[in-house]
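First to last, the sequence lines map onto chains A and B.
Numbering of the first sequence is given in the numbering used here, commencing with residue 902 and proceeding in unit increments.
Numbering of the second sequence is given in the numbering used here, commencing with residue 126 and proceeding in unit increments.
If you're looking for bench data, these hints aren't it; they were derived computationally from the structure.
Glycine included, every Cβ here is placed at the ideal spot set by N, Cα and C.
Keep in mind that a hint or two might mislead.
Within a straight-line C-alpha distance of at most 27 Å, the following computed DSS-like cross-link-like pairs (lysine-lysine) qualify [to be verified]:
1) Lys-964(A) <-> Lys-274(B)
2) Lys-988(A) <-> Lys-1240(A)
3) Lys-439(B) <-> Lys-1130(A)
4) Lys-967(A) <-> Lys-274(B)
5) Lys-1219(A) <-> Lys-1240(A)
6) Lys-979(A) <-> Lys-1275(A)
7) Lys-1275(A) <-> Lys-1240(A)
8) Lys-1100(A) <-> Lys-1199(A)
9) Lys-167(B) <-> Lys-1110(A)
10) Lys-195(B) <-> Lys-167(B)
11) Lys-274(B) <-> Lys-199(B)
12) Lys-205(B) <-> Lys-195(B)
The following residues of chain A were derived to be distant from chain B, with all beta-carbon distances above 10 Å [claimed, not checked]:
13) Arg-995
14) Gly-1017
15) Glu-1019
16) Arg-1023
17) Arg-1102
18) Glu-1162
19) Val-1175
20) Glu-1244
21) His-1280
22) Val-1287
Label-pair distances were calculated between CB atoms; the ranges are [what the hints assert, rightly or not]:
23) Glu-1136(A) <-> Phe-202(B): 42 to 50 Å
24) Val-160(B) <-> Asp-957(A): 42 to 50 Å
25) Val-1107(A) <-> Lys-195(B): 35 to 43 Å
26) Glu-1136(A) <-> Lys-199(B): 49 to 57 Å
27) Phe-202(B) <-> Gln-1077(A): 38 to 46 Å
28) Arg-1225(A) <-> Lys-199(B): 51 to 59 Å
29) Gly-364(B) <-> Glu-1098(A): 48 to 56 Å
30) Asn-179(B) <-> Asp-1065(A): 15 to 23 Å
31) Ile-1297(A) <-> Phe-151(B): 50 to 58 Å
32) Asp-1065(A) <-> Val-160(B): 25 to 33 Å
33) Lys-195(B) <-> Gly-1298(A): 38 to 46 Å
34) Gln-1077(A) <-> Val-160(B): 41 to 49 Å
35) Lys-195(B) <-> Asp-1065(A): 28 to 36 Å
36) Lys-199(B) <-> Glu-1202(A): 50 to 58 Å
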Amino acid sequence: MVAVSYEGRTAGEVVAEIEGVAPGITVELEPEQEMMTVNMGPHHPATHGVLRLLVDLEGEVVKDLKPIVGYVHTGIEKSCESMAYWKVIPFVERMDYLSYFFNMQAYCGAVETLTGLEVPRRAQYLRVLHMELNRLHSHLVWLGTTALDIGAMSVYFYCFRDRDRVLDLFEMSTGQRMHTRYFQVGGVAEDIPAGWEAKARELIDVIRKGLSQYEALLDRNEIFLIRTKGIGIVERERLLELGVTGPLLRAAGEPWDLRKEAGYLVYDELDFDVPVGTVGDGYDRYRVRLAEMKESLKIIEQCLDGLPEGPWIADDRKYVLPPRSELSTSMESLIHHFKLVTEGFRVAPGEVYNAIESPRGELGCFVVADGSAKPVRVHFRDPSFVNLQALRDMAIGEYVADLIQTLAMLDPILGGIDR
Amino acid sequence: MITPLLADTTFVEASWVMIVKSLIIFIVILSIVPVVLLAERKLLGRFQQRYGPNRVGPFGALQPLADVGKLLSKQGFRPKGAVPFLYEIAPALSILSAVLVLAILPFGDVQGGVGLYGIDVPIGILYFFAFGALAFYGLLLGGWASGSKYSFLGAMRSAAQLISYELAMGLSLLGVVLMAGSLSLVDIVKAQGEIWYILPQFVGFLIFLTAGFAETNRVPFDLPEADAELVAGYSTEYGGMRFGSYFFAEYMEILVISGITATMYLGGWMGPGPSWLDPIWMLAKMGVVTFFFIWIRATLPRFRYDQLMSFGWKILIPLATLNILVTAILVVVI
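Here chain A stands alone, though its shape is the one from the complex (with noise of 0.2 Å):
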């Protein structure tokens, strides 16, 4: 008779401890429960893109689970080093597709750091409030499609509905819905047409209106609430451990914002607040994301009262396009198009890391030159995939329904996670 103490140990350890004490025996243990693999993805409803995760589940709580990603690997990181630093803009644009005006402003806020041009602050002013919208936008489609997940099937049309409209702005400032290759290196590619601020205005009293029925719709709804509170809690420390930015630390209770802490562009002129939860569960995680579009509506105004006049481009011929109309009286324009057109301006080597806010977190990029005009290696570090670590950490223990929540309030966008 040999006495094991079962208490705080794995099955295996005390499988080795019986089998040390009396050798030649050997042990095979009764599993507690069956546990069931369930393959969730590539294509599941509630994926958010061609996510798969291999869920092991014990009834229906989940007990271990492992993210597999790289459905929709698009070589693009590989594809920027054969393009000029201009023809990288579209392709960085479509990395994480809700989020392309971070995209373009993480990619050449570095080649601008690299060449030293200066963005004139009407530029700045344009290129803020535009990531804006799209910060308004990609929170709209989180908000819709997380709700649809929890079962809340309307707000996700009434998010569409005014999502669309950000993209109606959009189009008339940059002829694309979305995509828009807006940002150039050195300022943006066209002044805002006329009319646009009004529509602006119009949006910020439209979305600012839907937003408190939203509120309305989900706050007030005790099965939204038992849904959220108290669901998918990681502590702080372990978050930042992970290297979690955005929503889902600020949700934590860590009042991490780039936008604060490194104040690019304008934003350190710009008043608005950092809003943080406090125990970060996924109702903090809805909450600080509604939060964020109040801010964001704030910012836009606060952009489009203080828009100044003036170019919104840099006016160096070297590395910005001369406008159209010289090109037919000016020799040298005409040989400073052809050069950027078709070799692009050239950057002295060099590496920068340039990191701003995206609406999922720090999206970084990193950009090597070697004094050609191509780059050498574009990088980026998507807030997407580094906050994917954290869904183990947030979902094991809980049912297979607040894994769908814990994955929706992630908001993770696939087209960045697999660049």
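We have chain A; now place chain B onto it with these hints.
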């Protein structure tokens, strides 16, 4: 003398009358199901600021027909791991259990020697429970026999859900039975001549409606098919008209629950106007309840499995029991 609890069955009709009646009821309700389907999609469209179907026929009226046509033309596919017989019989079971309850829904009293209902069984409401309980076999067997993990989870959920909510439903209806003193649906409607039971039995009405949502697997209790988690739950592996049958059965169930709600709480066929309006009144009341079903679907999120169970066992059942207790005391006292 003790008043018999069961209604008397002295009212007998000729066999051919019964056959004609059942045919009429079956055909009318069967043609209402596509209307409900269309109404749901149209209304959801309105709730969600979009149009809903508007391409097939005038105002999209032929959309259900087009859907059925599409589903019928699909291949009758069966997954490799499925249990053949059960896989095929399960959707039929679902429809059967819903259709059978139609027989006892009263659309009017005896008029011109013909009772405007399929049959006035003295055990009325028990008959409804018997076939309501059968309905979950359709889901359970279908989900289990599909041989898929999502279907299996959906089947398990539906079994747990239907069994727990059946109890609350039964207990909530007992209040009405106590007040009417009969199990027969016709007698229950007649007993509501003075006041519809929705007023004295308001708590029971709410419990019944909640349990009704669970019985029909509608939002917020649509866990057996929870599309976000289980793809389509028990019906994941079904396609073509077998899926169509499940779909059809779900709407049939909604109509049945609406019918029972109207009968038990909303005064059944009673309404102002000549007696030939009775069936119209009944259908109108069913329509109101069905509209409520659709409205809820557009508004509420979904429960989680354990929350659903605790809601059923810890809130609904004690509440329903309390409701009976109070009703019983009041019935004796008054």
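Verification of the supplied hints:
Between Lys-964(A) and Lys-274(B), the direct Cα distance comes to roughly 16 Å. Compliance with the 27 Å bound is thereby established for this hinted pair. With a C-alpha separation of about 14 Å, the suggested pair Lys-988(A) and Lys-1240(A) falls inside the 27 Å cut-off, and the hint holds. Of the pairs offered as hints, the one joining Lys-439(B) and Lys-1130(A) holds, with about 20 Å between alpha carbons and a cut-off of 27 Å not exceeded. For the hint linking Lys-967(A) to Lys-274(B), the alpha-carbon distance of about 18 Å falls within 27 Å, and the restraint holds.
About 9 Å separates the Cα atoms of Lys-1219(A) and Lys-1240(A), which keeps this hinted pair within 27 Å; it holds. Note on Lys-979(A) and Lys-1275(A): the hinted pairing holds, with a Cα-Cα distance of about 12 Å set against a maximum of 27 Å. A distance of roughly 14 Å separates the Cα atoms of Lys-1275(A) and Lys-1240(A); the hinted pair therefore holds under the 27 Å criterion. The suggested pairing of Lys-1100(A) with Lys-1199(A) holds, with an alpha-carbon distance near 16 Å, which does not exceed 27 Å.
With a CA separation close to 25 Å, the supplied pair Lys-167(B) and Lys-1110(A) stays within the 27 Å bound. Using a Cα cut-off of 27 Å, the hinted pair Lys-195(B) and Lys-167(B) holds, with the two alpha carbons roughly 19 Å apart. Pair hint Lys-274(B) plus Lys-199(B) holds up; C-alpha atoms about 24 Å apart against a cutoff of 27 Å. The hinted pair formed by Lys-205(B) and Lys-195(B) meets the criterion: a straight-line CA distance of about 24 Å does not exceed 27 Å.
Every CB of chain B lies more than 10 Å from the CB of Arg-995(A), the least distance being 27 Å, so the non-interface label holds. Every Cβ of chain B is farther than 10 Å from the Cβ of Gly-1017(A); the closest lies at roughly 49 Å, confirming the non-interface assignment. Distance check for Glu-1019(A) against chain B: the nearest CB is about 45 Å away, which clears 10 Å, and the non-interface claim stands. No beta-carbon of chain B comes within 10 Å of the beta-carbon of Arg-1023(A); the shortest separation is about 36 Å.
At the 10 Å boundary, the C-beta of Arg-1102(A) stays outside the reach of chain B, the nearest C-beta of that chain being 22 Å off. No beta-carbon of chain B is positioned within 10 Å of the beta-carbon of Glu-1162(A); the least distance is around 35 Å. Interface exclusion of Val-1175(A) from chain B stands, the closest Cβ pair being 28 Å apart, more than 10 Å. Its beta-carbon lying about 49 Å from the closest one in chain B, Glu-1244(A) satisfies the requirement of being farther than 10 Å from that chain.
No beta-carbon of chain B comes within 10 Å of the beta-carbon of His-1280(A); the shortest separation is about 34 Å. A cut-off of 10 Å between C-beta atoms confirms that Val-1287(A) is not in contact with chain B; the least separation is 25 Å. Against the hinted window of 42 to 50 Å, the Cβ-Cβ separation of Glu-1136(A) and Phe-202(B) comes to about 48 Å, which satisfies the hint. Range check, Val-160(B) to Asp-957(A): Cβ separation about 45 Å, and the 42 to 50 Å hint holds.
Distance hint check: the CB atoms of Val-1107(A) and Lys-195(B) are about 38 Å apart, consistent with the given range 35 to 43 Å. Range check, Glu-1136(A) to Lys-199(B): about 50 Å between beta-carbon atoms, so the 49 to 57 Å window is met. For Phe-202(B) and Gln-1077(A), the Cβ-Cβ distance of about 41 Å falls inside the hinted range of 38 to 46 Å, so the restraint holds. As the Cβ distance of Arg-1225(A) to Lys-199(B) is approximately 56 Å, the hint placing it in 51 to 59 Å holds.
With their beta carbons about 52 Å apart, Gly-364(B) and Glu-1098(A) fall inside the hinted range of 48 to 56 Å. Between Asn-179(B) and Asp-1065(A) the CB atoms are about 19 Å apart, so this pair conforms to the stated range of 15 to 23 Å. Between Ile-1297(A) and Phe-151(B) the beta carbons are some 52 Å apart, a value that agrees with the proposed interval 50 to 58 Å. Taking the beta carbon of each, Asp-1065(A) and Val-160(B) are about 32 Å apart, inside 25 to 33 Å as hinted.
For Lys-195(B) and Gly-1298(A), the Cβ-Cβ distance of about 43 Å falls inside the hinted range of 38 to 46 Å, so the restraint holds. Taken as a hint, the range 41 to 49 Å holds for the pair Gln-1077(A) and Val-160(B), whose Cβ atoms sit roughly 43 Å apart. A hinted range of 28 to 36 Å holds for the C-beta pair Lys-195(B) and Asp-1065(A), which are about 29 Å apart. Between Lys-199(B) and Glu-1202(A) the Cβ separation comes to about 53 Å, which falls inside the hinted range of 50 to 58 Å.
Violated hints: none; the structure is consistent with every hint.
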